[in-house]
Amino acid sequence: QKEVEQNSGPLSVPEGAIASLNCTYSDRGSQSFFWYRQYSGKSPELIMFIYSNGDKEDGRFTAQLNKASQYVSLLIRDSQPSDSATYLCAVRGRGDTGRRALTFGSGTRLQVQP
Amino acid sequence: DAGVTQSPTHLIKTRGQHVTLRCSPISGHKSVSWYQQVLGQGPQFIFQYYEKEERGRGNFPDRFSARQFPNYSSELNVNALLLGDSALYLCASSLGDWGANTGELFFGEGSRLTVL
Chain A
1 QKEVEQNSGP LSVPEGAIAS LNCTYSDRGS QSFFWYRQYS GKSPELIMFI YSNGDKEDGR
61 FTAQLNKASQ YVSLLIRDSQ PSDSATYLCA VRGRGDTGRR ALTFGSGTRL QVQP
Chain B
1001 DAGVTQSPTH LIKTRGQHVT LRCSPISGHK SVSWYQQVLG QGPQFIFQYY EKEERGRGNF
1061 PDRFSARQFP NYSSELNVNA LLLGDSALYL CASSLGDWGA NTGELFFGEG SRLTVL
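In the order they appear, the protein sequences are chains A and B.
So for the first sequence, this note's numbering puts the first residue at 1; every next one is plus one.
So for the second sequence, this note's numbering puts the first residue at 1001; every next one is plus one.
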């Protein structure tokens, strides 16, 4: 079982729709959770982070965390073609130093159709 | 403000050679991490340094080494290159150390290494 799992996609949504990206993680001791966006050929860019159960909103983006289910999601409202990218979920554990590094999923490719 | 800068941006090496990749963190950031990203995969943790000390090491062979300098810049060295080392090498800086819950990493544009 991978430590951080994401559906590779592509997830295709029409412009203006809500895109829902999902991530599950295996380490129940994980403490903090991050969403990065990566355009093709570019480096990852931090979108949001969340530490506590529940929802966290920032503009068109909402991160949702459910630690009991070991599940993190990212909702993108009013999706735009410029949102087309790969979205990486990353998890930070606790304990020894190796676990506190960010562990990334393989990413979900999002395509927003004009 | 300058972000994380990495050099070189692209390089081609042959098997068995050695490579040195360089990184300058965001001004004021004392922590540097290195990640390897193979095409189609997420970044994989290699090293983290804070205040010139190694704070974490991922599951990579001893051919990989790194160091951090007094000005907080960092080098990643890879010896005896293999074809499988071909990847995008990402440097990320952050404000705090492992213990601080400021887990936000800010990535540079990466060094794309091709091993022939």
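Just so you know, these hints were derived from the structure itself, not from any lab.
For every residue, glycine included, the Cβ atom is placed at its ideal position computed from N, Cα and C.
Misleading hints may appear alongside valid ones.
To be verified - Taking beta-carbon pairs under 8 Å as the criterion, some of the chain B residues facing chain A (in silico):
#1 1008
#2 1012
#3 1016
#4 1041
#5 1042
#6 1048
#7 1053
#8 1060
#9 1064
#10 1083
#11 1084
#12 1087
#13 1104
What the hints assert, rightly or not - Calculated cross-link-like contacts (lysine-lysine; reagent style DSBU-like; alpha-carbon spacing at most 30 Å):
#14 B:1052 - A:56
#15 A:42 - B:1013
#16 B:1052 - B:1030
#17 A:42 - B:1030
Worksheet item: Which numbered conditions among the earlier hints are violated in the structure presented, ordered from lowest to highest?
Response: Structure breaks hints 1, 2, 3, 7, 8, 9, 10, 11, 12 and 14.
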